[in-house]
Amino acid sequence: NQLEVVEGINRIRCRVDGGYPQVSSVSVDCGDMERNISVGNVVFVDVNMTREKNGSDCSCTATHNSSCYINNKTVVKVILF
Numbered sequence: 001n002q003l004e005v006v007e008g009i010n011r012i013r014c015r016v017d018g019g020y021p022q023v024s025s026v027s028v029d030c031g032d033m034e035r036n037i038s039v040g041n042v043v044f045v046d047v048n049m050t051r052e053k054n055g056s057d058c059s060c061t062a063t064h065n066s067s068c069y070i071n072n073k074t075v076v077k078v079i080l081f
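Here the sequence shown stands for residues 1 to 81, numbered as in UniProt numbering.
Hint data in this document are derived by calculation from the structure and do not stem from the laboratory.
Using N, Cα and C, we set each Cβ at its ideal position, and we do this for glycine too.
Just to be clear, a hint being listed does not mean it is correct.
As the list claims (entries may be wrong) - Cβ-Cβ distance ranges computed for the label pairs, FRET-style:
#, residue 1, residue 2, range
1, ASN1, GLU52, 15 to 25 Å
2, ARG51, GLY19, 35 to 45 Å
3, ARG15, ASP57, 28 to 38 Å
4, SER67, GLU7, 36 to 46 Å
5, THR74, THR50, 38 to 48 Å
6, GLY8, ASN65, 15 to 25 Å
7, GLN22, PHE81, 31 to 41 Å
8, GLY8, LYS73, 20 to 30 Å
9, GLY8, SER66, 11 to 21 Å
10, ARG15, SER66, 36 to 46 Å
11, GLY18, ARG51, 35 to 45 Å
Claimed, not checked - Once the Cα atoms are required to be at most 25 Å apart in a straight line, the calculated SDA-like pairs of lysine to any residue come out as:
#, residue 1, residue 2
12, LYS77, ARG15
13, LYS73, GLU4
14, LYS53, PRO21
15, LYS53, GLN2
16, LYS77, ASN48
17, LYS77, SER59
18, LYS53, LYS73
19, LYS73, PRO21
20, LYS73, THR61
21, LYS53, GLY31
22, LYS53, ASN1
23, LYS73, GLU52
24, LYS73, SER56
25, LYS53, VAL76
26, LYS73, ASN1
27, LYS73, ASP57
28, LYS53, ARG13
29, LYS77, THR61
30, LYS77, THR63
31, LYS77, GLY55
32, LYS73, ARG13
33, LYS77, PRO21
34, LYS53, VAL78
35, LYS73, VAL39
36, LYS77, PHE44
My request is simple: use the sequences and hints to build the entire structure.
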């Protein structure tokens, strides 16, 4: 997976569908930028992408209060264009 962004501020959205009961939170981690603030199954985060972050990884992780889900993580490669 690739995340194509431009240099500067980019809004990243991570959404997790499915599961019963639904996940309780979603977090995004882009190196020095980690956000655990979500509304249910969706999280938005504004990340300042610089040339130094080209080729780095961002991950999206879903969790559930009951721990009935195994943490699954999606990792995408940041590509500046």
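Outcome of the hint check:
1. The beta-carbon spacing between ASN1 and GLU52, approximately 21 Å, falls within the hinted interval of 15 to 25 Å.
2. As the Cβ distance of ARG51 to GLY19 is approximately 37 Å, the hint placing it in 35 to 45 Å holds.
3. At roughly 19 Å, the beta-carbon separation of ARG15 and ASP57 lies outside the given 28 to 38 Å, and the hint is violated.
4. The supplied range of 36 to 46 Å is met by SER67 and GLU7, whose beta-carbon atoms lie about 39 Å from each other.
5. In this structure the supplied range 38 to 48 Å is violated for THR74 paired with THR50, their Cβ-Cβ distance being about 22 Å.
6. Our hint of 15 to 25 Å for GLY8 and ASN65 is violated, since their Cβ atoms are close to 36 Å apart.
7. Taken as a hint, the range 31 to 41 Å holds for the pair GLN22 and PHE81, whose Cβ atoms sit roughly 34 Å apart.
8. Taken as a hint, the range 20 to 30 Å holds for the pair GLY8 and LYS73, whose Cβ atoms sit roughly 26 Å apart.
9. A hinted range of 11 to 21 Å is violated for the C-beta pair GLY8 and SER66, which are about 39 Å apart.
10. At about 20 Å, the CB distance of ARG15 to SER66 disagrees with the hint of 36 to 46 Å.
11. Distance hint for GLY18 and ARG51: a CB-CB separation of about 36 Å, consistent with the stated range 35 to 45 Å.
12. Proximity of LYS77 to ARG15 is assessed by CA-CA distance (about 17 Å); at most 25 Å being required, the pair is judged to hold.
13. About 19 Å separates the Cα atoms of LYS73 and GLU4, which keeps this hinted pair within 25 Å; it holds.
14. Only pairs whose Cα atoms come within 25 Å are accepted, and LYS53 paired with PRO21 is rejected, the gap being roughly 36 Å.
15. Restraint check for LYS53 and GLN2: satisfied, since their Cα atoms lie roughly 13 Å apart, inside the 25 Å limit.
16. With a C-alpha separation of about 15 Å, the suggested pair LYS77 and ASN48 falls inside the 25 Å cut-off, and the hint holds.
17. Proximity of LYS77 to SER59 is assessed by CA-CA distance (about 9 Å); at most 25 Å being required, the pair is judged to hold.
18. At most 25 Å may separate the alpha-carbon atoms for a hinted pair to count; LYS53 and LYS73 meet this at roughly 20 Å.
19. About 18 Å separates the Cα atoms of LYS73 and PRO21, which keeps this hinted pair within 25 Å; it holds.
20. Our distance criterion of 25 Å between C-alpha atoms is met by LYS73 and THR61, whose separation comes to about 5 Å.
21. For the suggested pair LYS53 and GLY31, the alpha carbons sit about 8 Å apart, so the restraint of at most 25 Å is met.
22. Using a Cα cut-off of 25 Å, the hinted pair LYS53 and ASN1 holds, with the two alpha carbons roughly 16 Å apart.
23. Under the criterion of a C-alpha separation no larger than 25 Å, the hint pairing LYS73 with GLU52 is consistent with the structure, at around 23 Å.
24. Between LYS73 and SER56, the direct Cα distance comes to roughly 15 Å. Compliance with the 25 Å bound is thereby established for this hinted pair.
25. At most 25 Å may separate the alpha-carbon atoms for a hinted pair to count; LYS53 and VAL76 meet this at roughly 12 Å.
26. Taking the CA atoms of LYS73 and ASN1, the gap is near 12 Å; set against the 25 Å cutoff, the hint holds.
27. Between LYS73 and ASP57 the alpha-carbon distance is near 12 Å, which keeps this suggested pair within the 25 Å criterion.
28. With a CA separation close to 18 Å, the supplied pair LYS53 and ARG13 stays within the 25 Å bound.
29. Proposed proximity of LYS77 and THR61 is supported: the alpha carbons are some 15 Å apart, at most 25 Å.
30. About 22 Å separates the Cα atoms of LYS77 and THR63, which keeps this hinted pair within 25 Å; it holds.
31. With a C-alpha separation of about 6 Å, the suggested pairing of LYS77 with GLY55 holds against the 25 Å cut-off.
32. A C-alpha spacing of about 14 Å is found between LYS73 and ARG13, which places the hinted pair at or below 25 Å, so the restraint holds.
33. This hinted pair does not check out: LYS77 and PRO21 have alpha carbons roughly 30 Å apart, beyond 25 Å.
34. Proximity of LYS53 to VAL78 is assessed by CA-CA distance (about 7 Å); at most 25 Å being required, the pair is judged to hold.
35. As the CA atoms of LYS73 and VAL39 are separated by approximately 18 Å, the hinted pair is consistent with the 25 Å bound.
36. Restraint check for LYS77 and PHE44: satisfied, since their Cα atoms lie roughly 18 Å apart, inside the 25 Å limit.
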